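All chains should be modelled from the sequences, with the hints used to inform the complete structure.
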Amino acid sequence: MASMLWGAAALVIAFAVAAVLPLHSVETDLLVPVALVTVMIGLIVLITRSKAITQVVGYLMMENGIYLFGLTQSQRVPFLVEIGVLLDVFVGVFIMGIVVFQINREFDSLSASRLTELHD
Amino acid sequence: MLLIALILLPALAAALAYAAPDAARAAILVGTAAVHLVLVLMTWAAPGQQALGGWLADDDLGRMILTLVSVIFLAVAHYAVCYRREENPRGGRAFASCMLGFLAAATVVTTSHHFALLWIGLETTTLAVAPLIYHRHDRRSLEAVWKYLVVSSVGIAFALLGVFLLATAQPSGATGGRPLVLDDLLAHAGALDAVWLRAAFVFMLIGFGTKMGLAPLHLWKPDTYGEAPSLVGALMAGALTSCAFLGLSRVVSICYMAQQGAFVRPPLIGFGILSIAIAAAFILGQGDIKRLLAYSSVEHMGLLVLGLGLGGVGAYGAVLHAVNNGLAKAMIFLVVGNVVLATGTSAADEIRGVFRRLPGSGALLVVGLFAVTGSPPFGMFISEFAIINGAVGEHHPWVAAIVVALLAIIFVGIGAMILEMVYGERAPADTNAGGSDERTRLVVAPALLAVLVLGLGVYLPTRLIGALAGAAATLGGRAP
Chain A
1 MASMLWGAAA
11 LVIAFAVAAV
21 LPLHSVETDL
31 LVPVALVTVM
41 IGLIVLITRS
51 KAITQVVGYL
61 MMENGIYLFG
71 LTQSQRVPFL
81 VEIGVLLDVF
91 VGVFIMGIVV
101 FQINREFDSL
111 SASRLTELHD
Chain B
1 MLLIALILLP
11 ALAAALAYAA
21 PDAARAAILV
31 GTAAVHLVLV
41 LMTWAAPGQQ
51 ALGGWLADDD
61 LGRMILTLVS
71 VIFLAVAHYA
81 VCYRREENPR
91 GGRAFASCML
101 GFLAAATVVT
111 TSHHFALLWI
121 GLETTTLAVA
131 PLIYHRHDRR
141 SLEAVWKYLV
151 VSSVGIAFAL
161 LGVFLLATAQ
171 PSGATGGRPL
181 VLDDLLAHAG
191 ALDAVWLRAA
201 FVFMLIGFGT
211 KMGLAPLHLW
221 KPDTYGEAPS
231 LVGALMAGAL
241 TSCAFLGLSR
251 VVSICYMAQQ
261 GAFVRPPLIG
271 FGILSIAIAA
281 AFILGQGDIK
291 RLLAYSSVEH
301 MGLLVLGLGL
311 GGVGAYGAVL
321 HAVNNGLAKA
331 MIFLVVGNVV
341 LATGTSAADE
351 IRGVFRRLPG
361 SGALLVVGLF
371 AVTGSPPFGM
381 FISEFAIING
391 AVGEHHPWVA
401 AIVVALLAII
411 FVGIGAMILE
421 MVYGERAPAD
431 TNAGGSDERT
441 RLVVAPALLA
451 VLVLGLGVYL
461 PTRLIGALAG
471 AAATLGGRAP
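If you're matching them up, the sequences are chains A and B in order. Once you know that position 34 of the first sequence is 34 in the working numbering, the rest is easy, because the numbers rise by one and skip nothing. Once you know that position 358 of the second sequence is 358 in the working numbering, the rest is easy, because the numbers rise by one and skip nothing.
The hints are simulated quantities; they were obtained by calculation from the structure and are not laboratory data. It is possible that some hints are incorrect.
Here are a few chain A residues that sit away from chain B, every Cβ distance over 12 Å (derived from the structure) [claimed, not checked]:
(1) G70
(2) P78
(3) H119
Simulated DEER-style distance windows between Cβ atoms [to be verified]:
(4) A:I83 <-> B:G424: 53 to 59 Å
(5) A:Q75 <-> B:A194: 37 to 43 Å
(6) B:V451 <-> A:F101: 42 to 48 Å
(7) B:M42 <-> A:A9: 35 to 41 Å
(8) A:R76 <-> B:G261: 24 to 30 Å
(9) B:P171 <-> A:L71: 17 to 23 Å
(10) A:S3 <-> B:L219: 19 to 25 Å
(11) A:S109 <-> B:I402: 54 to 60 Å
(12) A:F90 <-> B:R136: 24 to 30 Å
(13) B:L16 <-> A:A9: 51 to 57 Å
(14) B:A194 <-> A:A2: 34 to 40 Å
If you want the footprint, here are the derived chain B segments under chain A, 3+ residues with CB under 8 Å [to be verified]:
(15) 110-120
(16) 125-134
(17) 143-153
(18) 194-200
(19) 220-233
Keep in mind that this is a model prediction, so the values were computed, not measured. All C-beta atoms, glycine included, are put in the ideal place defined by N, C-alpha and C.
Right, dumping it as structure tokens:
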């Protein structure tokens, strides 16, 4: 329930922020707010969920939102650079997957909230 | 051509090291590092090179950070090879490859003049370091690598959004120049859309700030530096954070050129002071030497952005400070690695009498204490003095006063811990019957770095002063 309220707040914020960021090159007004809200909801999922695998999903949602925004620049950012960015994200999620596997093996659980040994 | 060779050499060596037998791997690692440094020195002889249609280019700031990375990498590579004779960790095959991959990615960051390429390089350094952190394969390092991966990935994702926002700020066609190419962004800075540029700056400050470890985005740092092997800490605190600082400097230079100084300065100065203050608070009462060094790194990253935000002599100081901090941090992390190897712990209360057991490392630890706290005659003193001088010169006397007070607190905190470790009486649990445990070959790399830090404090070569002034000029600063 709390997450849904956070998500609704993110939607309002996204439209408010998009209002001051005018995009001249694109036909639709919806692209910027939708990209922003996807990034914010990804961040909310990442912060509020305790399962490691769900946090990875939250990270992927963030990247989706960023890529959605990147569509506005697709004619100006060269193909090879986009492939490089995608490859990095892929390898990043791949490494996260390995770490999630290790967490599951070590703790018999996918919960990242078990990781509490390190503190000052 | 030289720039491409600088990137391809470590990238190919990383693949080669993975395939090579154990005996050859050490030679590949150190050999590649040495050849890389020679190539980097050749760029000093022929500055201003370009490759890939201006996407890779050599400039004063990038060349300095590249040289810093290359020097640190050679020292760490030599140390790593010697270290493996003392303690044979798992996964040695991947270890050398990840280190070399890191060098290739860091070279991309320091030579690229294209923002998306810079981002790709920085993300690759993040990923290349992750397996090195999870080196001990236990629960604590698992927690450290998880926190590092999640926080860094989110931070660097924000930086990617910043890159796209920067592309949006650039008008299309001839008025804007080539998309996302630094030189064209600077040349046509007046044509950039101010609102999008500001948004790009905010996201890149958060993104690169997370990689640098600015407070309050530093939460991964103590855990990661505390659990990673010390030589990985040296690589991260010395080289990785400097690369992130370079990324931030690039976007700041565009903002200054586009007359956005009034928008950019307050957050930079604010992040700087907050980082130094939080570092001071956590350094006092810290119980672990590696976590202490992590907070010291937070402090110095704060000084770097403070210098960037102040401009004037402060910008000159920030660039010099990046070089000094990188060398000093790498040096003290390697020395701490020797101490941890001999005592088996990094908890400060359990380490006593380092000077008796490890005379060379003990002496270097005291040298490192004075080097990282910016005492004369070490290089950090000059650069910290230039940053504080910049604060006074740019009419922020209260900033100078706060920073000096916080630096004094940090000096006391670090000094108390290290002096106790080096000269303190034997701990009750210490079963060592006396005599030296020193491994001479493990002292070579930190000793050479210490000589460099001291040398930069006593004498700055003319070429370096010229490069510093050139770099400071792009960041709205000037030489003193």
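Here is how each hint holds up against the structure:
1. Its beta-carbon lying about 5 Å from the closest one in chain B, G70 of chain A breaks the requirement of being farther than 12 Å from that chain.
2. Look at P78 of chain A: its CB is around 8 Å from the nearest CB on chain B, not clear of 12 Å, so calling it non-interface is violated.
3. Look at H119 of chain A: its CB is around 8 Å from the nearest CB on chain B, not clear of 12 Å, so calling it non-interface is violated.
4. As the Cβ distance of I83 of chain A to G424 of chain B is approximately 56 Å, the hint placing it in 53 to 59 Å holds.
5. About 23 Å separates the C-beta atoms of Q75 of chain A and A194 of chain B, a value inconsistent with the hinted range of 37 to 43 Å.
6. Taking 42 to 48 Å as the suggested C-beta distance range, the pair V451 of chain B and F101 of chain A conforms, at roughly 44 Å.
7. The hinted window of 35 to 41 Å between M42 of chain B and A9 of chain A is violated, with their beta carbons roughly 55 Å apart.
8. Here the CB-CB span from R76 of chain A to G261 of chain B is close to 27 Å, well matched to the stated 24 to 30 Å.
9. P171 of chain B and L71 of chain A have their C-beta atoms about 19 Å apart, which keeps the hinted 17 to 23 Å range intact.
10. A hinted range of 19 to 25 Å for the beta carbons of S3 of chain A and L219 of chain B is consistent with their spacing of about 22 Å.
11. The given range of 54 to 60 Å is broken by S109 of chain A and I402 of chain B, whose C-beta atoms sit roughly 45 Å from each other.
12. Separation of F90 of chain A from R136 of chain B is about 27 Å and conforms to the stated range, judged on CB atoms against 24 to 30 Å.
13. At roughly 52 Å, the beta carbons of L16 of chain B and A9 of chain A sit within the given window of 51 to 57 Å.
14. For the pair A194 of chain B and A2 of chain A, the supplied restraint of 34 to 40 Å holds, since their beta-carbon distance comes to about 37 Å.
15. A count of 5 residues in the region 110-120 of chain B with a Cβ less than 8 Å from any Cβ of chain A is obtained; the coverage claim is therefore met, three being the minimum.
16. With 5 residues bearing a CB less than 8 Å from a CB of chain A, the region 125-134 of chain B meets the requirement of three and the coverage assertion stands.
17. Evaluation of the coverage hint for the region 143-153 of chain B: fulfilled, as 8 residues show C-beta separations to chain A shorter than 8 Å, against a requirement of three.
18. Judged by the Cβ-Cβ criterion of 8 Å, the region 194-200 of chain B is covered by chain A as claimed, because 3 of its residues qualify and three suffice.
19. For the region 220-233 of chain B, the assignment as covered by chain A holds, since 4 residues bring a beta-carbon within under 8 Å of that chain's beta-carbons and 3 suffice.
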